[in-house]
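Peer 1: Please dock the two separately framed chains into a single complex, following the hints provided.
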Amino acid sequence: MSAQVINQNLAAKPGKPWRITPRELILDFVGVVAATAAALLTVKYTGMRGQLGFIGALFFYAIIATVVVSIIKADIKSAANSVSTLFIYIAAAFVVAPVMTVLFTIISRGIKGLNFGIFKTDMSVALPDSPLNEGGLLHALIGTLEIVGFASVICVPIAILTALYLTEIRGRFAGLVRFLVQAMSGVPSIIAGLFIYAIFLISLHGKYSGIAGSLALSILMLPTVARVAEEVLKLIPDDLREAGLALGATQWRTVSKIVIPAARSGLITAIILGVARIAGETAPIILTIGGNDRINWNLFHGQMSALPFYVWREYLYGGDLASARAWTGILVLMIIVMFFFTIARQLGRRGSKA
Amino acid sequence: MSTNESDLSAKISNKEGQKGRVGTDQSKALSNVASARKGSERSERNFVGTGLITKNLHAWFGKKHALANVSMEFASGTVTALIGPSGCGKSTFLRTLNRMHEFIPGAAMAGSVMLDGKDIYEPGTDVTKIRLRIGMVFQKPNPFPSMSIEENVLSGLKLAQIKIQNKEQILQESLERAGLWKEVKDRLGEFGGSLSGGQQQRLCIARALAVNPEVLLMDEPCSALDPGSTLKVEETISHLAKTITVVIVTHNMQQAARVSDYTGFFLSDNGPGELIEVAPTSEIFSTPKNPKTEAYVTGRFG
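Chains as they are written, first to last, in the numbering used here: chain A, 1 to 354; chain B, 355 to 656.
If we strip away everything but chain B, and leave its shape as in the complex, we get (with noise of 0.2 Å):
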């Protein structure tokens, strides 16, 4: 199953996934859910920078070939969920977005990720600098262990060697977009290993907001947390949105509902994972186009 590119970018346009989200017919619990996100609270921060556009790309593990033939577009300030049973390449597909893919031995790909219209993978691109602009939050909460609350917020900017200058503004704006600022702000000098595992998955948000990056991806970040903790990131994804281009990667389908305008399903059919159906999430969950689509997200497997 190949996808075509401009009948995806054209679905995948701003203004037109706006209108079809609120034009839904949300006949399907779902698809409620979804639009339920509409009325939520959102930040007053202005977006600036554009969003992020794969062109057939491809993944290889060794001789493995992972991902075949991806083409996205995610436009500036959109949450993307992308979904998919174990294996199908999504995880592969996010490391791909930030140049992570590469740390694997006997990684490789094909394609182009472009960011504000430069290909990230041009010979020649810091990667130290595309990784500022994309950050990443993963599976497992990974605080620092060595460091305290703050430092752990403000460890981006130290490690890229940034000077700060106004230390407790990103401090107290990193945390509270995350969602966290009211839980630590008196106990900023402690460890970030004693906070709960909700507490220190959305420490790992507010480090990686730190650094003020166009694009945050997700990977899973809510699979090792309990559903009260889940909630609580959520929240932190829907108050995100608009601010920030996320990209998140999850198991749970209510999730990709609940946070998510657009829904991105892959699948793998013995063979590498490819890119089947991506719309605006209410469609997704109501009425998708492939039937493949259907058969995953009414539960039929996977």
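The following block holds chain A by itself, in its conformation from the complex (with noise of 0.2 Å):
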């Protein structure tokens, strides 16, 4: 016989045959509430006590109910699948959990301080532990959108034209430059400050400024921004580059016109990943900048405050009122950088749907 088109069904109702069926959802359910009954019994008849003897034991129970509950929906090597599953998706937690907790607690002891006046004022006429309404730290914020800002202004032409030589030039020293801006992202926070403290404060007879912090933060930002960049100037494919070159262009040309525009977006991410890098960094802004409970707009002259340098010098200070603005500090440190990280995020993703 020949094939034919066999045209029966054409009243079909959309279905989804691979839903979990209700007995399958009574044993999932069964697994749970088993897992977490030995798991409360433990805790009460046993040595284990706290939440944290709760989740450890959970933990032990759930492999168990999940193997059983495998085994009796279907097999073995289903039971094997499924545990691995379980290691994953409790893996996933523990990465979560730190954070979230971090979040919440810096939330929860943060709000309490959180009004508009802290963005109007200073700490000029207010002390530590005056009530939170009294004194702010617009000094601070200024601080350190000032300080970081400038050193965006210094690192990015430095870390783009970094990773060019990378990505564009391909030159000699590009494995030992990748190394190089490799290892400097591993240097910890307080060697760029001691660095620039030793150079500009003690070598250069500088004083302690803004420009100092701007400076120290900018070997921080670098190798981040100078990394990230690269990456993206590499997904750049190379027909670009060839098409740009075919059609007369110099190598500057083809790169300022058509790979950098192409990866405009990506490296706007990469900028922006390294602003939020050091926008919370404490040790190297406490080396430089000097701190201040004034204003201070002048990056180049006298010394300022920033968010990470008020956090500490309020919690240095002690009490609860210094304690609760050292919280609202953190807490605005932390928004700004979450802005920070979800604008490079929603970038990111319209960057690589084009």
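Watch out, some of these pointers could steer you wrong.
[As the list claims (entries may be wrong)] Subject to a maximum C-alpha distance of 30 Å in a straight line, what follows is the list of computed DSS-like cross-link-like pairs (lysine-lysine): (1) Lys512/B to Lys234/A; (2) Lys257/A to Lys483/B; (3) Lys646/B to Lys417/B; (4) Lys257/A to Lys418/B; (5) Lys596/B to Lys643/B; (6) Lys512/B to Lys596/B; (7) Lys472/B to Lys417/B; (8) Lys409/B to Lys517/B; (9) Lys483/B to Lys646/B; (10) Lys517/B to Lys539/B; (11) Lys472/B to Lys536/B; (12) Lys409/B to Lys472/B; (13) Lys257/A to Lys536/B; (14) Lys417/B to Lys257/A; (15) Lys512/B to Lys536/B; (16) Lys483/B to Lys494/B; (17) Lys120/A to Lys207/A; (18) Lys234/A to Lys418/B; (19) Lys417/B to Lys234/A; (20) Lys483/B to Lys596/B; (21) Lys494/B to Lys234/A; (22) Lys536/B to Lys494/B; (23) Lys257/A to Lys521/B; (24) Lys409/B to Lys257/A; (25) Lys643/B to Lys257/A; (26) Lys483/B to Lys409/B; (27) Lys483/B to Lys234/A.
[Stated by the list, open to error] Some, not all, of what chain A presents toward chain B, calculated at C-beta under 8 Å: (28) Ala79; (29) Asp239; (30) Ala262.
[Stated by the list, open to error] Residues of chain B clear of chain A, computed beta-carbon distances all greater than 12 Å: (31) Met490; (32) Glu537; (33) Ala649.
Read the hints as simulated data drawn from the structure, not as lab findings. All C-beta atoms, glycine included, are put in the ideal place defined by N, C-alpha and C.
Peer 2: And the structure:
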């Protein structure tokens, strides 16, 4: 017989035959209840105590329950699959849990001191243990924005040119430069602070100032921006470079008019990630900017404050109110960093779509 | 197998080529297709400039000798197809013609490529000027993603920092020559990436044409396209003929037969790629002189 089209089932309804059956659902439910109950009983009648004991016990019983349920449902092979899936879920939870805990703590403690007033005033007429509606962190916020902004001004051209050397020039020293940039990203931040302290403040007899902080932070920002920018530029297909060159463009014209515009959103992401990386850096800031309770707009003259410095100083002062200020400072800093990360992610997503 | 230079030059000189083509006995289907192109519409544009001549051209990648002793002449205003199995050096050859070969690390070459009587490999030659005169279209359509259709077409002029007097005219003329004007004239501001694959490739052709090159090199321009788009690009090539010298590398022998005046057959026999035979296209597909060519075009290997 020749093949023919069977055309009887025109009124088909969309269905999901792979959906979980009631029997499987009940089995899963029983497994969860059994593991939880066993963990509760263990905590009640054995030496294991508290939340940590419960989580440990639950982990143990969850594995047993998963194996038993899988064997009832199918066979030993599917049990191995389920257990490995369970482990992956738990590992993911272990990664997320600390972040969520930190976020929760910062928000719950920092929200107390969060009011509009803190963005309007500095600490020039308030003490760390003054009431929370007196004195704010405007001076620190301005300091952070100026110092980080100028660090970007110093760092971004150098970092992007470094990335261009690695991806476009591909010079003889590319391997060495790449290695050094990678090594640089592992430099502890206090080393960057001490380096600028030794050079700028001691050797050159400079004073504590915002610019010293910017210099220290730009050292930390450089490897992040350069590495991300390199990755982004590597994604631009060589086809485009060849197309530019084949049209009679010089390499510089090809890079500046084709490669960089094509990688633009990725390069912006690289810069934002660099900003997010340094916004919360504390050690180099403490060593270089000197601190100030007043607003100092001048990056090049006079001591400045910054959010991490503010947090550090309020924390050192001690007491409930000063601590509350420190937590609020951390919260504001967190919001700034999260804001930059979110923008970077959004841009990165848009870039990968195009 | 070595090729005889003077013999080749004689074969390929324009006049004799035309005569040969018209007078060919059209016994095989492929040669029929090749000759059918004769009647196709051609642009009124007058061709200026001369063809391209290679003399004893060799190319290496590191220690690998990829191409040996190719001497070929591309008469002005003709379309020459380069065919041969993969790895026979035809793409390498094409890339030596506008000095794109040298971008590959470890690349080396010997011999000469004469454009308008001057060796493009002569020390001191401004390579960007050479590439303005010898344009290139690549295997995969590669419009610049950050630019609109209009900006893509004019990008060559901008990149080479040539002042544009009559922007609209160049834009329209380039797109018309590439056979894309009608399709995109109302959407010139859209991104090049919004076009279909075949349209993108024709956009790349328009981009290459906008700088008004004398020679256009095409490296398997249809291998990433569907048959419909391939046909459009082939029509474009037919329209371009006589106004520009075209050298096209292709794996598709029907395509070579459809679009080209001359065909060169390359082959690598465990050594460097060599030019086995070059002749008017209808001859290559009907009465090739070399048995290896015959074996290839009749599908017995490759």
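Peer 1: Against which earlier hints does the structure fall short, listed by number upward?
Peer 2: 4, 8, 9, 11, 14, 24, 25, 28 and 31
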